[in-house]
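Make the full structure from the sequences, and use the hints.
Single-letter residue listing:
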Amino acid sequence: MRSLFRFLLRNHFLMLFLALEAISLTLMVSFNDYQRVTFFNSSNNLVGSVYQRFSNLDDYFSLGRTNARLAAENASLRKQLQYRIKNQENYPINRPDTVDAPAYVFTSAKVISNSVNKQFNYITLNKGSRQGIKQDMGIINDQGVVGVITNVSQNYSTGLSLLNKRLLIPAKITTNNYFGSLVWDGEHYNTADLNEIPFHVIVNVGDTVVTSGFSNIFPDGIMIGVITKYAVVSGTNFYNIKVELSTNFKTLKYVEVVQNTKRAELIKLESNNIKE
Amino acid sequence: MIKDFGKYVIMFVVLVLVQVLILNNIQVSGLINPYVYILFILLLPFTIPGYFLLGISFILGISIDIFSNTPGIHAGATVLLGFLRPGIAQLISSREIIEKGNMPNMTQLGFASFLKYIVTSVAIHHLYLFIAEAFSFGDILETLLRWILSSIFSIVIILASQFIIFKK
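Chains A and D, in that order, are what the protein sequence lines are. When we follow the working numbering, the leftmost residue of the first sequence carries the number 60, and every step to the right adds one. When we follow the working numbering, the leftmost residue of the second sequence carries the number 974, and every step to the right adds one.
None of these hints come from the bench; they were simulated from the model. Note that the structure is predicted; figures quoted are calculated from it, not measured. Heads up, a few of these hints could be off.
[As the list claims (entries may be wrong)] Example chain D residues on the side facing chain A (calculated, C-beta under 10 angstroms, incomplete): (1) N998; (2) N1006; (3) F1031; (4) F1040; (5) I1046; (6) H1047; (7) G1049; (8) V1052; (9) D1112; (10) E1115; (11) A1133; (12) Q1135; (13) I1137.
Yeah, the Cβ is synthetic: ideal placement off N, Cα and C, and Gly gets one too.
Below, the structure written as structure tokens:
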């Protein structure tokens, strides 16, 4: 026993190095299971408030651009509203329906930290559980899909950005409604791969790719991007499709968090199928 | 001693903030990500005890990790650097310079030795970092390219900062 201690003491530098390296590796590997380590990420309050402060300062430099985008979005919403009112006039009975509450609720939030240059990119938002943000809510903005919330603290939340190879998004091609799954290619911040589209489907460059709504996270038909290239991979039955993302992740500022109010019900119902 | 302690604490905070708020946002075609915060480990006195060096390296790495959502990646890289630093120091200069209680900076080591010291340390740290980040040997060429370009960028920033501080 004593010689063991003496050995440890003599080699304490090496031993400590090995111990700390082991801790680091454990953290690295266990984080693959992406919701487990909740302390070591930027949704924790101290880190959140540092980012918040810096982001408040940074905001002044982009006020003009942000205003222009908000104005453009207002205009497009107003245009849609006009059509909606016109359509409703065609129906003789026009009563608000209280039975069918809206399935999706939107909360606006500000991006206080974001990266595009890692292999696994994350977003930090300035709203948390106090503002009703929960795990597995979708994040979108006026341009398209942004990501999914994974960790929530009282006032902040972090999520996987679409630019994270761990995030798969069920997506479909609007021209033919064939669905597949979209995942980032890890190379450039505005391209992703659409997988699982069988090659008997006719695909064109320029086709729009939107969310399919099968994940219960995003509503149906949220813009993802446009097909720029496709090829048949030899030996498989699927296309290799490149999609140019509509969301510009480098200028991300304000986003909306989407809550599917009927998600719990859907998951419960669908889990019955598995049991049977 | 107390004054030095305060100096190092301020340096730690400044380097971490500069890294996470400014340098982490520098993205040139996704290939260049400079990591300059390791300057803190490199500037610690040569006489610092080994266990202390490793402990500080780990704390520095984990601080960067918490801010950038990469648990363990930076901590592993900085601990490796802390472990190898005494060896690197012996390689680049004679034993007397280190044992006289000199500080590892440009004025005391001389430009050539200091450059060797920085280049070796940055290369080791960045290599661990980018391999751990990619977590696969799949796109090994891209990872290597990223390693070389980012290392050059980090070295330039570190040298520039040293010239500004020690210009007298």
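- Which hints, by number, does the structure contradict? 11, 12 and 13
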